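Engineer: Let chain A serve as the given structure and place chain B on it in line with the hints.
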Amino acid sequence: MTNSVTPSAATVQDASTAWPDLVTAALLGTDRRPLATAPELLDRAALQAVRRRAGLRPGLPSAPTGTGDAEAPADARPPLPEAAARRLAMLLPGPDAPSGGAGSLANISELLPQYLTAAAGHGYRAPAAQVPPLLDAARARSELRTDAVRLAGPLGRWLAERNPDWRYVLRTPLPGDADLPDERLWQEGLFAERVTHLTRLRRRDPAAARELLRSCWSQERAEDRLLFLDALQERLSAEDEPFLESVLSDRSKNVRLTAAELLSTLPGSALALRMAERARTAVRLTVTAEGRRLTVRPPTACDAAMLRDGIAATSPTGRADRAFWLGEILAATPLETWQRGFGPPEAVLALPVSDTWAAELREAWSRAAVRQNDSAWARALLADDPSADRAAGGTAGGAARLLGVLAPAERARWTAAYLDRHDQDAHSLGEVFQLLVACPAPWPEPLGDAVLRALARVSAGGGYPWSHSGVLGVAERALAPEAAEELDALAEGAGSAWAEMFTRLAATLRLRATMLTELAGPTGPAAPSIP
Amino acid sequence: MEDRWTPEHVLSLAPDAPSRRAATRLSAPAPWSGTGCDTASGAAAVWGECEGSGSTPYRTVVDLTGPTYQCSCPSRKFPCKHALALLLRWSAGAGVAQDEAPVWAATWLSGRRTRSGQKAAHEADTSSATPDEASLVAAGRRRERRAARVAAGASELEARLADQLRGGLADAPTQGYAGWNDVAARMVDAQAPGLAARARELGAVPSSGPGWPSRLLEEYGLCHLLATGYRRVDVLPEPLAATVRARVGFTLDAAEVLRGPHLRDRWLVLGARDSADERVTTRRIWLRGSESGRDALLLSFGRPGVGPELALPTGLLLDAELAFHPGARPLRAVLGPRFGAPVPPPPAEAVPDGLSLDAALDAYGLALGDDPWLESWPVVLRQVVPAPTALGWELADRSGPAPAAIPVDRRGTPDAALWRLAAVSGGRPITLFGECGHRGFTPVTAWYPDGQQIRTLGVTP
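Respectively, the protein sequence lines represent chains A and B. For the first sequence, this note's numbering assigns the number 1 to the initial residue and increments by one for each residue that follows. For the second sequence, this note's numbering assigns the number 1 to the initial residue and increments by one for each residue that follows.
Looking at chain B on its own, in the form it has when it is part of the complex:
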């Protein structure tokens, strides 16, 4: 028996809401011909031709193991609406029967597999190859130069923070953003983008409403901690030093991370959330290892309007290797080799295990012990009821002897999304994945019963 994905899984791959609509519209039988799938022979692919506005139909093929997509349409979205529509038809079982791939689809599929095989081999190659001495020396010199610059930036920031504190923060609200934006610009020059972002944030806190002095002092303290931490980075234990470097703004590229140890597991895709600014769309995808219990966060970036390349169907299990970025509390990871297409979890694991509110806050607190700069930690909550109250939205757990609640962090979660959450709950407890932090809980994915079925809801699709 083959495991077709549910429409929810397919739609969770869409880069944005318009794509989701377009795909639904295109999933009608009319424009499609020559559709078929091969999930029996291990090829794990779906293909079809879709009548478009052009004279020749678009040829669409999806390799379910990625999933990766190929379509002859000119769309810059990824996956395009044709690929999504094709998957929707397959998921509904509508006219997509087991078949042998036509030549054009088979060519692409085998080409892709060869390429990804070569890529893996190449990566293995480069990881074992020793670069020549000259380039090593050059790279070392570059690293030293940057480290010195960052160190100078960090001590400048440290001094600036102390200066401000001597004079007092009381008139911070009247000083506005400008001062800290200048500092941020200097941190960018010092090649410390992490410090720059924190400096910018310091300018914004005084206008963030009642209680700002407390929040501002917290941020001052943590900023100071990071700057002083970097001053001592060479003597810190290595995992913590890696955390400090990452927080300050040193990045590692994926290949570098992949040269480190891999962890193979059946990773449950817990959910995804996109955030966009004018330059880049950032997609966060959270995974949880069903054997290891490890949490992982994959980041993928895209230019605005194009959509990040990586898309994994929420709620499915992915057999793959991950390589974690080093740190005292590793979370961010890079996706390594995959072993087969994502599959629905067995019915017993359809809903992930969750924590009580107490345990969720403990998990965040424990993570803070390793990485004090963490804003939040990914957790699955069990048995929470989302509800609007006079004080804002909160998640309540009334299942235990002592009823408890935590607030919803409203940043980035529009009202409409929260009402959808309230609707799927209907006042009954649901399982909810999200980020638990000091500003509250940011919901990402809900699991809720609908008749005999368990469905997932992406809170901010």
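Just chain A, with the same shape it has in the complex:
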């Protein structure tokens, strides 16, 4: 027995046995492959193992995966203020933290979108270490993507070229994107990349985008043609009409319908004029002993010309075909047709309607007002109480769409008035959810006050907070921080479930205020510069 772990002389002598031979002998067993006795083999294995480990050398670098530059381009934008950077780390869901922060005082998931919008608006760049979790978060929540991609900047794009999970970053167009769209992307890119390319080109040069699409139109698949056509919605003009007219003869029905819908939003288009012609035949002003009224005679058949203009032969929804055709015609008819014939929108809406067609007319005009972005008509349609129409097919969703046509301040004013008008109706709050979503955030004071009054009413009325989670969710995003005090007061007098809800809402509002102050930086609020 020797005095150390140094292997015996015999072992050293045989230490040169190649490692693969040792492994083979060990696999087969020393009984079958008597290279050495088992303990000797183990001695040699130990020596070789240490030798192998101690002799490890670096290898040659492999080619990194991904495309593009080896180094991320520099980002000259200012970094987030320290406090705001730490706030971001807190708001982003981590692998170990339940999103929203379990049992936290404030609802964090509602704050992240606002944080990102504000931070991107200030023109900051995200800290490098936060870019991966930021991209992960926006991958899971697509509504965060535009702001997340802006904050992540060139580093985000560089990472996305390497990690397939973040491929969406390369497809997310940025408002005011300065780089020239890459023609290669159109020729070789994935479908979504091509849509992005077309969308960006359309923003810069509408005619060029249209011509690009026209140049290869016939080679594209029907489902692709449909989405490419959607890209033309932005900056649509009379110049697009000839192309869209030609698409009305497309092989695919959905493509035809989309082209027709686009044309109908061009008030001067030939399609719009054809529709107006049909509309004037179907809806006439008649004068009777009781006064003026609208007489409605929907078409009795869908002829070839109507088919070509994007009207389906049969109703897809189960409504009567005639009512459906009427709706399609009116929705595509320029609203000024009625203004010219029968007077301003309020006057037209006030006219009595023959038979049972009143609801159909309203519904179609609503669609037309939204499509044509006509605020005068939207205002007039909203002035009639939409809830009164609920039974007749009007929905809060329809009102919300009309609301979207109005200027932001007007939306808030209208919704506040609506809330106060319905102060006796305990159920009204849940139904205004979509209206509130359509209002600009943060809510102007009158709207915030109206929402607080409504919340006070439903809590006093014995409703359950969780049946109003939609409204409370919007409130977390949109109530002004000043409302926190009032919520504290509400919490004092409310039952425990509501008290908890009000406290949590107040905490969220306060956290939001802190968050926005931190983003403004230690030197005080800088003017947000939105490129």
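It cannot be assumed that every hint is accurate.
Pulled a few chain B residues facing chain A out of the computed Cβ check, cut under 10 Å [said to hold, decoys possible]:
{"id": "1", "residue": "Ala162"}
{"id": "2", "residue": "Asp163"}
{"id": "3", "residue": "Gly168"}
{"id": "4", "residue": "Glu219"}
{"id": "5", "residue": "Leu421"}
{"id": "6", "residue": "Gly427"}
Hint data in this document are derived by calculation from the structure and do not stem from the laboratory. Computed from a predicted model, the values in this text were never measured in an experiment. Quick reminder that beta carbons are idealized off the backbone N, C-alpha and C, glycines included.
Structural biologist: Leaving out everything else, chain B in the frame of chain A:
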């Protein structure tokens, strides 16, 4: 001028990610009152009161020299979110001005200093005191009994390994874990937990993917080496004998180690990494002496959910004495007396010196010469670019005439952590501390430039 810690340093003290989030949330001004700090008079403390869910605010005080923490909250985490939030506020300079400590904070601070003084005195006492003869005899008998048991276990393991090798390892994958788990249980009975862990590992290797025969034979060899080494432990040179004993599973308690020689230095906190199983959370903290150049590893244990007690801010310098566990290649150490609070290093030393990939592997190889059972050795790499490749993540150095790369050891490092590393690098070389071993490099801390600043990133926080 006082040296406030950066938020990164403060957050590196957090026991886990939820604490880090909670602390950030609490670092808003709203819940705090009566905050102040005293870093001028040598007291080195920060304090404040934090409004919580209770009727009275929590009182939090941090002694920066430890750092040690005191908070009246019921949290079992250490440090608690209030202490971290308070340090964050101090680090931001937000409303934490130089002041005289209020009575409640001063009482705790002076009490703590007295206690730690007494503890030091007590330790000095016990180290010089000679235990009475009877207890010495009893302890000696216990030691002998255990040594005999371990020796029996080691020779059983040796025989078992040789047996397996006679029959051949080819059907190891079909034998599964059970056989070696039984052996591991017998090693536990033999009071040799180190051998038990190796035996368990032997059961796992055959299912570890392609190339297992080679890895299995390496482990067999090293296991055999340890078992035979223990058989001869009495005749081995003392440092090597200590290494063998430690590998087999003999432990020394901290007080025992502290009775040995101390090394005072300004220790740079290179980084920390936690690993948890169902029974215990283990925190490893690596230090490097700025005078001695010695590497040191501190271990701290905590029950799950509580967090180990020891937490040192990554990237700061700590003036302290360490006592090393004996061994042929001393690394593990125990923290002895500290002299003042951890301070940021001078700007010139903000980034630690690093090695080339070649030199890093050499450092591991050299360490293996002393302790052949080492899985890895702590090193700082300079100028490496972390990147995903078709073969997995690797660290590449293209700065020299011959480009080189080593693989990243993926065990215990999730994808998300590696992408964060790639993001802070952005394809540019960074300084990276971690463990360099035969399975690759395990990243722990990165130093990277951000504008004019040098920042640190804990790879697996």
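Engineer: Work down the list of hints and note, for each, if the structure agrees.
Structural biologist: Against the structure, the hints come out as follows:
no., hint, verdict
1, Ala162, "holds, 4 Å"
2, Asp163, "holds, 8 Å"
3, Gly168, "holds, 3 Å"
4, Glu219, "holds, 8 Å"
5, Leu421, "holds, 9 Å"
6, Gly427, "holds, 4 Å"
Checked against the numbered hints above, the structure violates none of them.
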